[in-house]
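Numbering (the numbering used here), first residue to last: 1 to 581.
Check each hint, because a few of them may be wrong.
Stated by the list, open to error - Calculated lysine-lysine pairs in the DSS-like style (CA-CA distance at most 25 angstroms, straight line):
1. K573 with K400
2. K130 with K179
3. K410 with K573
4. K296 with K285
5. K179 with K147
6. K102 with K118
7. K236 with K416
8. K147 with K215
9. K269 with K215
10. K285 with K336
11. K103 with K85
12. K215 with K281
Since the hints were derived computationally from the structure, they do not count as laboratory data.
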Amino acid sequence: MDRDQVAAILSEIGTLLELQGESPFRCNAYHNGARVISQLEEDLGSVVREGRLSSLPGIGETLRETITTLVNTGHLPFYDDLKAKVPAGLVQMLRIPGLGPKKVKALHEQLGIDTLEKLQVACDSGQVAKLRGFGGKTQDNILQGLKSLSEMGNRVRLDQAVLVAHGLVEGLRGLPGVKRLEVCGSIRRRRETIKDIDILVSSDDPIPIMEVFVKLPGVIQVTGQGSTKSSVVVQKIMPSGRSLTMNADLRIVSDAQYPFALHYFTGSKEHGIAMRLRAQKYGLKLNEYELAGDAKSVACKDEADIFRGLGLDYIPPELREDTGEMEDAEKHTLPKLIEYRDIRGVFHNHTTYSDGGNTLQEMAEAAQAMGLSYLGIGDHSQSLTIANGLTPERVQAQLKEIDALNKKMKGFRIFKGTECDILADGSMDFDDDLLSKFDYVVASVHSYFKMSREEMTERIVRAVRHPRVTMLGHATGRLLLQRDGYQVDLEAVLKAAAETGTMIEINADPHRLDLDWVHCKRARAMGVMLVINPDAHSTGGLANYFFGVDVARRGWLEKQNVFNTLEADAVAKEFARRKAL
DNA sequence: GCCGTTTTCGGCCCGACTGTTTTCAGTCG
């Protein structure tokens, strides 16, 4: 059983225990354990085999045994018993806003409700309102929740959430009385998927701003309205034509409180808890309004002052996941994170030669207009007929066109590349002779996704070890919220990359963001060079690389860990060096 | 269930809002 499966079971055990009315601290220990395992940078199997589980924070004796059993045998009697005792419908009921473990337990014990269907019936007949601790309002809210459960997906992609948040921010910025304004939460931390939107404003006169907020275009429901916090449901039509429904909160505090609120609402929850614990050790209390002790309070004009007040270097939002950033901030060893402006050019882009929407020249001119100094082409190879993959003859034509454009364009360079398929046996879709005509080769899996983990790992490692392969494309093939990646031992892939010097792509298409940030961190530790590739299929897609930089920052990467921070001449020199090997 | 510069037991982050209450429990982030 792998990392994600183990984490999912630990988290489910925590939830099932909550539904049984267990101590919240015991339940939380399982949730915390799940988080620690899901953010593990190494291969879980190795950690278990080498007896290093107990050294992980939050993993004690019980969780060590639990995880070991799951990894070794694939199941756990304790978990099976728990599942048999707690009806699955109760877990479903928790997804309804306003229903937590206590209320679900009461509904189950007093009315025998153990499915969403029975809950609907009980609400329709008015039984729920009669329960102690419930009432008409609660019953209405449950009915509303049941209705929205079907139409509102849980999480959305970062790029979608950014669009929705932008619309709300535009409606608030510049209002009278608005001093500072920022989107916080997981959008500010640049997580790859987002649950809801948190906006923070500082003002001396919050009520009128709240009034505007709950009436902004797209707001279809107001679920709470107070002087410091209001919540709405907002709907927006996306460029794809599909509509998206999300929750959005607005918090308004005084300008003096703003830095504390900004830190608090940026999260993550785990980072916030760690910070408040640290404050306690300083004899201080940290909340969304102040950093203060009995006698004194620490004046902070911005977030950096808060960290400084607790003896820490400034921690960028992307690192606030409680995965070691506090320790490094204390020792002054935090990485100097890569920035958007460090990117000098992009590889792995498609044109009308394969399945892109713009011509070679259009793509190059768009990249130059964005301020980049080079563009790498990586159209599909011959096997991928569905994406109009290039035959060797058409490759020759494209290479010729690149030569012509390179003569024509001033201060800009196009690098010749291919996104060459990794065939089922790990060999490449073009022969070595043709591959050596390119400046660089991106090797990607586009077929036989259902292979066993062992076969897939062997297949990809063979490609990584191929002397003409420069970089590995989308390492797991995942599509966020749509499709899990193929089964592959990334630790083995990274190890091969570290040995051969083959780069690993951070595919910056916001549908993919693959390699993920957790493995970026691991790759950096192993000395693997990463490369941020937009995988653009049109001129608009070139800007994807910003999302790739977000992932890189979450993965603790510095400028020197990312290949395309190099200038064009240095890139050309490196490609030439590799071809001569 | 975890954990330790108030340590091996007794704590465990903290406040807003809602709806049900008549002083507070539950939920959420």
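Hints breached by this structure: 2, 5, 7, 9, 10 and 12
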